[in-house]
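Student: Chains as they are written, first to last, in the numbering used here: chain Y, 1 to 100; chain X, 1 to 172.
It is possible that part of the hints are untrue.
Label-pair restraints from in silico Cβ distances [as the list claims (entries may be wrong)]:
1. X/139 x Y/91: 42 to 50 angstroms
2. Y/91 x X/55: 30 to 38 angstroms
3. X/157 x Y/87: 41 to 49 angstroms
4. Y/87 x X/125: 45 to 53 angstroms
5. Y/99 x X/63: 19 to 27 angstroms
6. X/1 x Y/79: 39 to 47 angstroms
7. Y/55 x X/28: 29 to 37 angstroms
On the chain Y side, residues computed to face chain X include the following (Cβ under 10 angstroms) [to be verified]:
8. 59
9. 70
10. 75
From the structure, some residues in chain X lie toward chain Y, with a derived Cβ separation under 7 angstroms [what the hints assert, rightly or not]:
11. 8
12. 12
13. 15
14. 17
15. 69
16. 105
17. 108
18. 110
19. 122
20. 138
21. 140
22. 151
23. 157
Note that these hints are calculated values from the structure, not bench results.
We treat Cβ as the ideally placed atom computed from N, Cα and C, and that holds for glycine.
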Amino acid sequence: MPSLNDYLILSAVLFTIGTAGVFVRRNLITILLSIEIMLNAVNLSFVAFGRAFGTIEGQIIVFFVMTVAAAEAAVGLAIVIALFRHRESLNPDAFTALKW
Amino acid sequence: MLFYFFGALAVVASLLVIAQRNPVYSVLLLILSFGALSGLYVLLDAPFVAAIQIIVYAGAIMVLFLFVVMLLNAPHEETDYDERTHPMLRPGPMRFGAVLALALIAELAWALARSGTPNTFSSTPVTSVAAIGRSLFTDYAFQFEVTSVLILVAMVGAVVMARREDRPGAKR
């Protein structure tokens, strides 16, 4: 039986992979996928904590996180489509109009 | 041990997601990673979360991603450096990102080592979907309704932003 710390370590590793993906990739869609990896790592933490304390709240908040993730994916992909129409590119370095 | 199998599967699939250059493969590997996470939720006595992980995440959100990837038809990301070089030798942001990821995992390991949380699981797991539904519609009814407003706003925002504005008379 794995302990709570095992689940938290796995969650930390997944979150770090997501963070590294946001920095390393130069593709807007892959960056959004990395954000999804981070959200799922946090979900795993919530469920593990809820299980450890024997409460229902861990699973409830995962439900809300998934709803927010769905909304974020829809709006993010709409922005990606609009950006691609403007520049014919998915490289975030191509969008510098707001750069100071 | 099922935990290590699903955990290793999730980590390897997630690593391959950010190592792929073709977004279609990235999306498909992320679905595999979500399937492994769903297995972990079953191990954590959370069958409801495992089911909506598959149905909502792998079934709906990832298909939306896949649809956009194929709609845009831009399979390979363009790079201004030689792709055969070692990641640590590539220009600025790549190296910086790798260093930041290492710093983050060091901090998380430090935080976990110092945490005073009980390391054992409660002996009475809450697995009932009925309990989740009851809690969702009584204690968290307000948050639940706010979530529906959020989805409505996201839907309107997505439609407005992805709309093509080349009709006559439309503002450019």
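Student: With reference to the structure, classify each hint as holding or not holding.
Tutor: Status of each hint after checking the structure:
1. X/139 x Y/91: 42 to 50 angstroms: holds (46 angstroms)
2. Y/91 x X/55: 30 to 38 angstroms: For residue 91 of chain Y and residue 55 of chain X the Cβ distance comes to about 33 angstroms; the hint holds.
3. X/157 x Y/87: 41 to 49 angstroms: With Cβ atoms ~21 angstroms apart, the hint is violated.
4. Y/87 x X/125: 45 to 53 angstroms: holds (50 angstroms)
5. Y/99 x X/63: 19 to 27 angstroms: violated (34 angstroms)
6. X/1 x Y/79: 39 to 47 angstroms: holds (42 angstroms)
7. Y/55 x X/28: 29 to 37 angstroms: Given a distance of about 35 angstroms, which is inside 29 to 37 angstroms, the answer is holds.
8. 59: Given a least distance of 5 angstroms, the restraint on residue 59 of chain Y holds.
9. 70: At about 6 angstroms, which falls below the 10 angstroms cut-off, the nearest Cβ of chain X leaves the hint on residue 70 of chain Y intact, so it holds.
10. 75: Status holds, d = 5 angstroms.
11. 8: violated (9 angstroms)
12. 12: Violated. Min distance 10 angstroms.
13. 15: Result: holds, 6 angstroms to nearest chain Y Cβ.
14. 17: holds (6 angstroms)
15. 69: Holds: closest Cβ of chain Y sits about 6 angstroms from residue 69 of chain X, inside 7 angstroms.
16. 105: At 4 angstroms from the nearest chain Y Cβ, residue 105 of chain X passes the 7 angstroms test, so the hint holds.
17. 108: holds (4 angstroms)
18. 110: violated (11 angstroms)
19. 122: Holds: closest Cβ of chain Y sits about 3 angstroms from residue 122 of chain X, inside 7 angstroms.
20. 138: violated (11 angstroms)
21. 140: holds (6 angstroms)
22. 151: holds (6 angstroms)
23. 157: holds (5 angstroms)
Taken one by one, the earlier hints fail for this structure at numbers 3, 5, 11, 12, 18, 20, listed in ascending order.
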